[in-house]
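**Q** Top to bottom, those sequences are chains H and X. FYI, the numbering for the first sequence is 1 to 237, going by the working numbering. FYI, the numbering for the second sequence is 1 to 296, going by the working numbering.
By construction, these hints were calculated from the structure, which means they are not laboratory data. Treat each hint with caution, since some may be false.
As the list claims (entries may be wrong) - Not everything, but these chain X residues come out facing chain H in the computed CB check (under 10 Å):
#1 Ala68
#2 Ala71
#3 Glu200
#4 Leu202
#5 Leu204
#6 Ala207
#7 Ala210
Claimed, not checked - Away from chain X, derived, C-beta distances all over 12 Å, residues of chain H:
#8 Arg88
#9 Glu112
#10 Asn113
#11 Ala123
#12 Ser153
#13 Glu156
Ideal placement from N, C-alpha and C gives every residue a C-beta, glycine not left out.
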Amino acid sequence: MGASPKRRSVSEMAVVRLENIAKNYAAGAEILKNLSLVLEPGGFYFVTGASGAGKTTLLKLICLAEAPSSGAVRLFETETAGLSRAARAGLRRRIGIVFQDFRLIEDLSVTENVALPLRVAGAPETEIREHVAALLQWLGLAEQIESLPTALSSGEQQRVAIARALVARPDLLIADEPTGHVDQQTASLLVRVFERVNRLGTTVLIATRDIGFAERFASPRFHLEQGMLRSAEAVAQ
Amino acid sequence: MIRMPFLIERSRLPLARRASGWFLPWIAALSVYVAVLGGIGLVALGDSVRGWDASLAQRASLQIPADASAARLNTVLALLRQTRGIAEAHLLDPAETARLVEPWLGRPIAIDRLPVPRLIDLRVDGAGAADLADLRQKLASIMPDAVLDEHGLLLDEWRNAATRTMEAIAAMLAAVFLITLWSAAATARAGLLLDRPLVELLQLLGAADADIARPFRAQALWLGLLGGAGGAFAAALTLLAVGSAGRALSLGSLLPAGGIADWRVWAILIGATLLAGFVAMVAARITVLRRLARMP
C-alpha cells in the first residue's frame, strides 16, 4: 500500500497543481477539458482511464513535455507558464519518468542508460558508478549492467527504465503504463518498488488503463473519461 | 586564471558520437588552404605596394630621342637641375641603359647600334614638390620629342589594381568563411537528427540546452581543427613549392618579404587553422541552441 499524502494544507504546498487545464491539438481534438488536480508531497496516486482518455497527455503536461492550451500548471509551487528554458530544465530534473515505451537508448549499455539523469545533474563520475551499480543490483539487474537494452527481455527493459527514473532520487515519479508489458505478478512487484520509493518521500503518479489493477492498491485514484476527470478529487479507496 | 570551459570541459552527455560530420574536416581543410594562400597573397601584395611606394613615388624619368645632340642634352639637363623640386637628374650611360633592356633583348647588347632613347632618371623631393606639368611645357619648347614619365601616375594605377585584387581576395576569404560556417551548421543539424531520440530524452530528464549543445560544439571544434591543420599543412607545402618555382624562374620568392620564414606566414597558417575550429564550434553551438529552442 502506498503512503498517504503527508498531512499539510493543500494551499500550503503541492508537488503538482493543475488548474482548469484544457489541451487541444491542431487537428481540433480536445484531449483534456477543464481538468484540475493536486498531488501532495509524499502521495501515491493512480490515474486511470481507457486508451485515448488523455492519461499520457496529462503526464506530458506534468513533465513539461507539452504546454496546456489553457489553464495553469504549477510544479513544486512554481508557475510553469513563461518560465525560462533553464528553469523548466531545473524543474524537470526533480521528476523521474518511466515511459510507456521505455525510451532506452539502444547503443548505450544498461549502466549508461541509467546514468543519464545523474550526468544531466552533473554528479561526479565516482558517485554515478557507485549509485547506478547499487540501484541495478537492487532491481535485480546486476548481471546485465554492460548489456545493451536490445539484449534484455521486456521485463528487464522495464526495470532499467525504472532504475533510470529513480537514480537521481526525484521528488516526483511518473510512470506511464508501467505494467503494460509485464504479467500481473511482475506488475505487482514493480508497484512494490514504487511504494518503497514512495516511503522514502517521493510522490508517485502511475497512469494505467488497468482499473482493476489500480483498485488493488489503497491509493487515491484519478479517473479520466474523454479528457475529463470523473471527480475533481482523487477517488480514495 | 582564465577559464575556457568550452575547450577543456569534457562532455558528460553521450551525444555527437556518430560520424555525422565527415565532410566538415574536408571543407575546413579546403577553406584553410584557400584562406592561407589568399591571406599570404594579401600580405605579399601589400609588401609589393609598399615597395613600389618606396621605390617609385619619388621618381620620374625623361626619354630623350636617340639622335639628340649632346648640346641639346646638356640644355635639357640644365633645365632639369634648375627646376624647383627636382633633387637629382641623372643621365644614364649606355651600360646602365643596356642593363635595363637586357631582360627583353638579352646579352650581349650593342646598345650604341640600337635606336634606344637616352634616359634621364629624376628624383623629386616628394609627391607634388615639383611642378611636372610646367616642366613638360618647357621641355616641349626645347625638345618636343622628349617624353616625361611620371611614375606616380603609374603607381596610382598599380595601387588601384592591387586594391581591387585585395578586395577580390577578401571577398573570397569571406566566402570561404561562410562555407565553413554552413558546413559546421549542417554537421550539427545532422548530428542532432541522428541523436534526436536521445536529445528529446535528455530534455525530459532536465538537461540544459547548453549542456546538450556542448558535445556538438566540441565535435565541431575538433573536426574544424583537424581539417584546418590538414589544410594549413597542404598550404605550407604549396607555399614552399611556389617559393622555389619563383626563385627558379628569377621572379623572386613570390612570397611576403621574409619568405616562408616570415612570421606573418606562420601567423596566417596557425591563425587560419584556429579560426576554422572556432568558426565551426560557434556555428555548431548556435545551430544546436536554435534547434533546441524550438523544442518544448
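**Q** Compare the structure with each hint and give your call.
**A** A quick look at each hint next to the structure:
1. Ala68: Hint on Ala68/X: violated, closest Cβ of chain H at ~87 Å, above 10 Å.
2. Ala71: This hint is violated: Ala71/X lies away from chain H, its Cβ roughly 93 Å from the closest one there, beyond 10 Å.
3. Glu200: holds, 8 Å
4. Leu202: holds, 6 Å
5. Leu204: holds, 6 Å
6. Ala207: Cβ of Ala207/X sits 4 Å from chain H, so the hint holds.
7. Ala210: OK, holds: Ala210/X within 10 Å of chain H, min 8 Å.
8. Arg88: It is violated; Arg88/H is separated from chain X by about 8 Å at its closest Cβ, not greater than 12 Å.
9. Glu112: Given that some Cβ of chain X is not farther than 12 Å from that of Glu112/H, nearest at about 6 Å, it is violated.
10. Asn113: violated, 9 Å
11. Ala123: The claim breaks: Ala123/H does not keep its Cβ more than 12 Å from every Cβ of chain X (closest is about 9 Å).
12. Ser153: Given a closest Cβ separation of 21 Å, the condition holds.
13. Glu156: Non-interface label on Glu156/H holds, nearest chain X Cβ at 19 Å vs cutoff 12 Å.
Consistency with the previously given hints fails for numbers 1, 2, 8, 9, 10 and 11, ordered from lowest to highest.
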